[in-house]
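Peer 1: Position chains B and C against the provided structure of chain A, taking the given hints into account.
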Amino acid sequence: MKSTAQALPATAADLPAPNRWGNRIFEGMTMLSVVILGVCFVCAAYVLVEGAWLAIHTYGWSFLTSQQWNPVTENFGALPFIFGTVVSAAIALLIAVPLSIGTAIFLTDLAPLWMRQPLTSVIEMLAAVPSVIWGLWGLFVLMPWLHDHPYTWLNKHFGSIPIFGGPIEGSGSCIMSAGIIVAIMILPIVTSVSREILRAVPDLQREAAYGLGATRWEVTRIAVLSYARRGLLGAAVLGLGRALGETMAVTMVVGNSPKIHASLLQPGWTLASVIANQFGEASDDLQRSVLFEIGLVLVGVTIVVNIGALILIKSIETPGTRRA
Amino acid sequence: MSATYDQYRKAKSHCMSGLAVFCAVMVVMPLVLVLFYLLKMGFSSLNWAFFTQLPNADPEGSGGGMANAIVGTLELMVIALVLGVPVGLLGGIFLSEYGGEKTNGFVRFAADVLNGVPSIVWGMVGYTLVVVPMHGYSAFAGGVALAFIMIPLVLRTTEEVLVLVPGAYREAGLALGIPRWKITVHIVLRTAFKGLVTGVLLALGRIAGETAPILFTALGNPNWNNSLKEPIAALPIQIYYYAISPFPDQNRQAWAGALVLIGIVFLLSASVRIIAGRRKKA
Amino acid sequence: MMKKLLISSLLVGLLTLTGHAADTVALTGSGSTFVKPVMDKWASTYSTSVDPTVKINYAGGGSGTGQKNILDGTVDFAGSDGPMSDAQLKSAPTPILHLPVVAGAVVIIYNVPGVTGLKLDGPTLANIFLGNITKWNDPAIVAQNPGVTLPDLDISTVHRSDGSGTTYIFTDYLSNVSPAWQSTVGKKTSVAWPGGVGQQGSAGVSAQVQKTTGGIGYVELIYALSNKISFADVKNAAGNYITASLGGVSTALATATIPADFRFSYVNAPGDASYPISGVTWLLVPQQSKDPVKGTKLVAFIKWIYTDPSAQAMAAKLNYAPIPPAVVTRVLAAVDTIKN
Chain A
1 MKSTAQALPA
11 TAADLPAPNR
21 WGNRIFEGMT
31 MLSVVILGVC
41 FVCAAYVLVE
51 GAWLAIHTYG
61 WSFLTSQQWN
71 PVTENFGALP
81 FIFGTVVSAA
91 IALLIAVPLS
101 IGTAIFLTDL
111 APLWMRQPLT
121 SVIEMLAAVP
131 SVIWGLWGLF
141 VLMPWLHDHP
151 YTWLNKHFGS
161 IPIFGGPIEG
171 SGSCIMSAGI
181 IVAIMILPIV
191 TSVSREILRA
201 VPDLQREAAY
211 GLGATRWEVT
221 RIAVLSYARR
231 GLLGAAVLGL
241 GRALGETMAV
251 TMVVGNSPKI
261 HASLLQPGWT
271 LASVIANQFG
281 EASDDLQRSV
291 LFEIGLVLVG
301 VTIVVNIGAL
311 ILIKSIETPG
321 TRRA
Chain B
1 MSATYDQYRK
11 AKSHCMSGLA
21 VFCAVMVVMP
31 LVLVLFYLLK
41 MGFSSLNWAF
51 FTQLPNADPE
61 GSGGGMANAI
71 VGTLELMVIA
81 LVLGVPVGLL
91 GGIFLSEYGG
101 EKTNGFVRFA
111 ADVLNGVPSI
121 VWGMVGYTLV
131 VVPMHGYSAF
141 AGGVALAFIM
151 IPLVLRTTEE
161 VLVLVPGAYR
171 EAGLALGIPR
181 WKITVHIVLR
191 TAFKGLVTGV
201 LLALGRIAGE
211 TAPILFTALG
221 NPNWNNSLKE
231 PIAALPIQIY
241 YYAISPFPDQ
251 NRQAWAGALV
261 LIGIVFLLSA
271 SVRIIAGRRK
281 KA
Chain C
1 MMKKLLISSL
11 LVGLLTLTGH
21 AADTVALTGS
31 GSTFVKPVMD
41 KWASTYSTSV
51 DPTVKINYAG
61 GGSGTGQKNI
71 LDGTVDFAGS
81 DGPMSDAQLK
91 SAPTPILHLP
101 VVAGAVVIIY
111 NVPGVTGLKL
121 DGPTLANIFL
131 GNITKWNDPA
141 IVAQNPGVTL
151 PDLDISTVHR
161 SDGSGTTYIF
171 TDYLSNVSPA
181 WQSTVGKKTS
191 VAWPGGVGQQ
201 GSAGVSAQVQ
211 KTTGGIGYVE
221 LIYALSNKIS
231 FADVKNAAGN
241 YITASLGGVS
251 TALATATIPA
261 DFRFSYVNAP
271 GDASYPISGV
281 TWLLVPQQSK
291 DPVKGTKLVA
301 FIKWIYTDPS
311 AQAMAAKLNY
321 APIPPAVVTR
331 VLAAVDTIKN
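Residue numbers (this note's numbering), protein chains in the order written: chain A, 1 to 324; chain B, 1 to 282; chain C, 1 to 340.
Next comes chain A alone, as it looks inside the complex (with noise of 0.2 Å):
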């Protein structure tokens, strides 16, 4: 191209000027709502913290070890609820995270095509089902089955782990029963989310290792897991959001207990689900304000568990994927 009606451009400097406002304009728009997830937060913590002060001023920090939970005598203390909330978002990720990433597996690999967009719907229908629901069936279906088979079999036969200690409520109420209902109700957006990861993978990483003489397995495994690593943590993250914060659908099937068992199938309570019973009926300042405070530390576990968190996405190595 020697000659053109055009000459081209002999430096960068002779180009037209690029649509720099519209960068501008754009880039600035998304700082914008960065700014505004900052309000929220800063909203949040204002609301919380202003609301606390009072039961932080009177308990301090014994407030996070005490054990007691007296509303006459005004003793406090949020230790048994941060037991219940980490312990039943622990259940619900071990139960969620493998199912849903196996349904994401399916649902990208192994159905035939005419179910995938059902099956999704379907999935994302559970999301909508309302947590009170969950509560209620979970009351009055799930638990009597909970009780009636897994529970009073594990109980019998391995009591004498402590984890299986008796004795059991005849509700089924425990913690145990708050972690699979919360894990149920995780179910649809860590599937969800893993499933657009994995269908992001692009199909030459399958194709590669299926030309390698791979298995179906075995690409997933080689090929398609490994590549979405990070981003299947990312989904697990974003259920134990939910799972730290579930609130209607535990404080039904909790047991509302006050107090720390080491087992598995005795009651519990979470700090979400305390706030929940009793904000409704707190009538003076102080109890008002310990619920405030309890939000507070809830806020505070997750902080902790998502640093967790954190390291244990840094520490994983991930070929491919663009991080800005």
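FYI, nobody ran anything at the bench for these hints, they're computed from the structure.
Backbone N, C-alpha and C fix where the C-beta goes; we use that ideal spot for every residue, glycine too.
Just so you know, not all the hints are guaranteed correct.
[Stated by the list, open to error] Derived CB-CB ranges, DEER-like: (1) Phe109/B <-> Pro162/A: 18 to 26 Å; (2) Phe266/B <-> Pro162/A: 27 to 35 Å; (3) Phe109/B <-> Val50/C: 54 to 62 Å; (4) Phe109/B <-> Ile163/A: 42 to 50 Å; (5) Pro194/C <-> Pro162/A: 23 to 31 Å; (6) Tyr241/C <-> Leu33/B: 42 to 50 Å.
[What the hints assert, rightly or not] Keeping only pairs whose Cα atoms sit at most 27 Å apart, straight-line, the calculated BS3-like set for lysine-lysine is: (7) Lys339/C <-> Lys317/C; (8) Lys211/C <-> Lys259/A; (9) Lys40/B <-> Lys211/C; (10) Lys211/C <-> Lys135/C; (11) Lys194/B <-> Lys182/B; (12) Lys303/C <-> Lys339/C; (13) Lys294/C <-> Lys339/C; (14) Lys228/C <-> Lys40/B; (15) Lys102/B <-> Lys314/A; (16) Lys119/C <-> Lys229/B; (17) Lys119/C <-> Lys303/C; (18) Lys339/C <-> Lys290/C; (19) Lys90/C <-> Lys211/C; (20) Lys119/C <-> Lys228/C; (21) Lys294/C <-> Lys228/C; (22) Lys229/B <-> Lys339/C; (23) Lys156/A <-> Lys259/A; (24) Lys211/C <-> Lys119/C; (25) Lys102/B <-> Lys40/B; (26) Lys290/C <-> Lys36/C; (27) Lys303/C <-> Lys317/C; (28) Lys294/C <-> Lys229/B; (29) Lys211/C <-> Lys228/C; (30) Lys135/C <-> Lys228/C; (31) Lys303/C <-> Lys290/C; (32) Lys36/C <-> Lys259/A; (33) Lys156/A <-> Lys317/C; (34) Lys90/C <-> Lys317/C; (35) Lys229/B <-> Lys290/C; (36) Lys303/C <-> Lys36/C; (37) Lys135/C <-> Lys156/A; (38) Lys339/C <-> Lys90/C; (39) Lys339/C <-> Lys119/C.
Peer 2: The following block gives chains B and C in isolation, referenced to the frame of chain A:
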């Protein structure tokens, strides 16, 4: 490689495939069980009156419906969508396209923490920051509380999806001299469109069933809502009160209401997907 | 194109929402879930038959929420099963009136196979919930129920895990009849129960007791009646075993000394036919209303509740006991002091 080792590998592969099918079945099972239960308990209350009438003022009587709650839920979802989706979307774009590594670390962390805040706290925030200054409960406050939930969720799902768009696409755009923002909007967003829609639908499904935040902000209303500044009825609130009430007919209506709520989200996500599907092949 | 259509229809939709239906006045209330059924009925009847320009929205949410809302000024009136404390009233921007509006009973539900018509007295109840009496065939229970075979069955107590006015009334009663309860547990909307299972809401407690053989719990009268659960006859201060009923509540209420500010408790009331575990729900109304139009409408509504015979009949039909006429006169006098 010996033949038996190959057989082992094949068998293992079949095993894992079976496991994946098992997972899918386990995931779908609770939904099937719950739907079955809701249908059994609430089907009798699902009639035309349910969709068109206001709640029956006589608690012991039967009849009446949840028309205002159905409309109210849709209204609240729209308000939350309008307030929350642009912010979440643009924030996710920031994380994936702009920003430095340190800033992004902080933002991501903040979003993850916010995703773990229990929804009841957002209700408390909405009450303190919107209801009290406005001297009253309102639909607007309800939408704000729900938007608080949507923003970090949409932000993270957007980022997760956008990051997976291969860098090569962006570089191709740059090589063609396309301005950066156009690359993001026309190439990156378009490629990730289905994933973005999934993220938004997930968030909508989540807030559709949230009770605690709107209890503290929108309050509920036995009548039709006429203004964003007034309290508004919503399905989760009605379901909550009816489910714990002592009157059996109200209990049945609660189950029916839950069915309607699930149905709404299903219809919404199905129709959005159909519309989105027309723009691109799967 | 689609996007533009979607956005414009959204905007149009939103704009229509900001309008106001011209002449209706909206009154909002929140608080005790105990009175919600009758408040809903009153609200709807009033709007349809008496004054169509008013729309009343009573939401529930718990007495504590109602009290907080009325102090924050976010509602026009509130319902509360427990009176507000002096500290709360001092912090209020304007004086708050307590107007007793209905009374109700807390009943003791139980699930013991083959047993009906169980009789219990206060100290026994306290001992059961304290964990001192653990079996149904304990001598203390047997002595009160001659002719009834009580099995050798463990007692499983069920209480409310959420804060509740019902808990307040029940623990108020237990504190009144048992010094041991008073000193170890006390009375409040939520207490540290010595043992037993906590359930969410009266619905949860009823379900739990019905599922557990040997279960015992406490719920509002209406729950027991609606779900047809057996409840016990409780011994009152005069020594008679009374089956819970509206009559028993009204008799108890008639004997109560009600101070000028209407804050009182009448558990374990004297009187031969009084039911001992009874409580009252108050309407909390600011003495100085923020908005003259709303204030006038609210006063009219409140007066209607107390004076209209059909309103009182509705309450009775839903198993609420009415406030005695002598008290109503005093209440109306208080209502007249509301400045608009």
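Peer 1: If a hint holds in the structure, say so; if it doesn't, say that too.
Peer 2: Hint check:
Roughly 35 Å separates the CB atoms of Phe109/B and Pro162/A, a value that falls outside the hinted 18 to 26 Å. Checked against the hint of 27 to 35 Å, the C-beta distance between Phe266/B and Pro162/A comes to roughly 43 Å, which is inconsistent with it. At about 57 Å, the CB distance of Phe109/B to Val50/C agrees with the hint of 54 to 62 Å. Phe109/B and Ile163/A have their C-beta atoms about 32 Å apart, which leaves the hinted 42 to 50 Å range violated.
Pro194/C and Pro162/A have their C-beta atoms about 24 Å apart, which keeps the hinted 23 to 31 Å range intact. Separated by about 46 Å at the C-beta atoms, Tyr241/C and Leu33/B satisfy the suggested range of 42 to 50 Å. Note on Lys339/C and Lys317/C: the hinted pairing is violated, with a Cα-Cα distance of about 33 Å set against a maximum of 27 Å. With a CA separation close to 23 Å, the supplied pair Lys211/C and Lys259/A stays within the 27 Å bound.
With a CA separation close to 20 Å, the supplied pair Lys40/B and Lys211/C stays within the 27 Å bound. At most 27 Å may separate the alpha-carbon atoms for a hinted pair to count; Lys211/C and Lys135/C meet this at roughly 18 Å. As the CA atoms of Lys194/B and Lys182/B are separated by approximately 19 Å, the hinted pair is consistent with the 27 Å bound. Between Lys303/C and Lys339/C the alpha-carbon distance is near 15 Å, which keeps this suggested pair within the 27 Å criterion.
Only pairs whose Cα atoms come within 27 Å are accepted, and Lys294/C paired with Lys339/C is accepted, the gap being roughly 12 Å. Only pairs whose Cα atoms come within 27 Å are accepted, and Lys228/C paired with Lys40/B is accepted, the gap being roughly 22 Å. The suggested pairing of Lys102/B with Lys314/A holds, with an alpha-carbon distance near 13 Å, which does not exceed 27 Å. A distance of roughly 53 Å separates the Cα atoms of Lys119/C and Lys229/B; the hinted pair therefore is violated under the 27 Å criterion.
Restraint check: the Cα-Cα separation between Lys119/C and Lys303/C comes to about 40 Å, which exceeds 27 Å; the hinted pair is violated. Of the pairs offered as hints, the one joining Lys339/C and Lys290/C holds, with about 9 Å between alpha carbons and a cut-off of 27 Å not exceeded. Of the supplied pair hints, the one linking Lys90/C and Lys211/C is violated, its CA atoms being roughly 45 Å apart against a limit of 27 Å. The hinted pair formed by Lys119/C and Lys228/C meets the criterion: a straight-line CA distance of about 18 Å does not exceed 27 Å.
A threshold of 27 Å between alpha carbons decides the hint, and for Lys294/C with Lys228/C the separation of about 41 Å lies outside it, so the pair is violated. Taken as a hint, the Lys229/B and Lys339/C pair is honoured in the structure, with Cα atoms around 25 Å apart against an allowance of 27 Å. Annotation: proposed proximity of Lys156/A to Lys259/A holds, straight-line Cα distance about 23 Å (limit 27 Å). Taking the CA atoms of Lys211/C and Lys119/C, the gap is about 21 Å. The hint holds against a cut of 27 Å.
Distance restraint check for Lys102/B and Lys40/B: the Cα-Cα separation of roughly 53 Å exceeds the 27 Å cut-off, and the hinted pair is therefore not satisfied. At most 27 Å may separate the alpha-carbon atoms for a hinted pair to count; Lys290/C and Lys36/C meet this at roughly 24 Å. Taking the CA atoms of Lys303/C and Lys317/C, the gap is about 20 Å. The hint holds against a cut of 27 Å. Our distance criterion of 27 Å between C-alpha atoms is met by Lys294/C and Lys229/B, whose separation comes to about 16 Å.
As the CA atoms of Lys211/C and Lys228/C are separated by approximately 14 Å, the hinted pair is consistent with the 27 Å bound. For the proposed pair Lys135/C and Lys228/C, the alpha carbon gap of about 24 Å is at most 27 Å, so the pair holds. This hinted pair checks out: Lys303/C and Lys290/C have alpha carbons roughly 19 Å apart, not beyond 27 Å. Between Lys36/C and Lys259/A, the direct Cα distance comes to roughly 33 Å. Violation of the 27 Å bound is thereby established for this hinted pair.
For the suggested pair Lys156/A and Lys317/C, the alpha carbons sit about 50 Å apart, so the restraint of at most 27 Å is broken. As the CA atoms of Lys90/C and Lys317/C are separated by approximately 37 Å, the hinted pair breaks the 27 Å bound. Annotation: proposed proximity of Lys229/B to Lys290/C holds, straight-line Cα distance about 17 Å (limit 27 Å). Proximity of Lys303/C to Lys36/C is assessed by CA-CA distance (about 18 Å); at most 27 Å being required, the pair is judged to hold.
As the CA atoms of Lys135/C and Lys156/A are separated by approximately 24 Å, the hinted pair is consistent with the 27 Å bound. Restraint check for Lys339/C and Lys90/C: the C-alpha separation of about 19 Å stays at or below 27 Å, so the hint holds. Restraint check for Lys339/C and Lys119/C: not satisfied, since their Cα atoms lie roughly 49 Å apart, outside the 27 Å limit.
Of the hints listed earlier, those the structure fails to meet are numbers 1, 2, 4, 7, 16, 17, 19, 21, 25, 32, 33, 34 and 39, in rising order.
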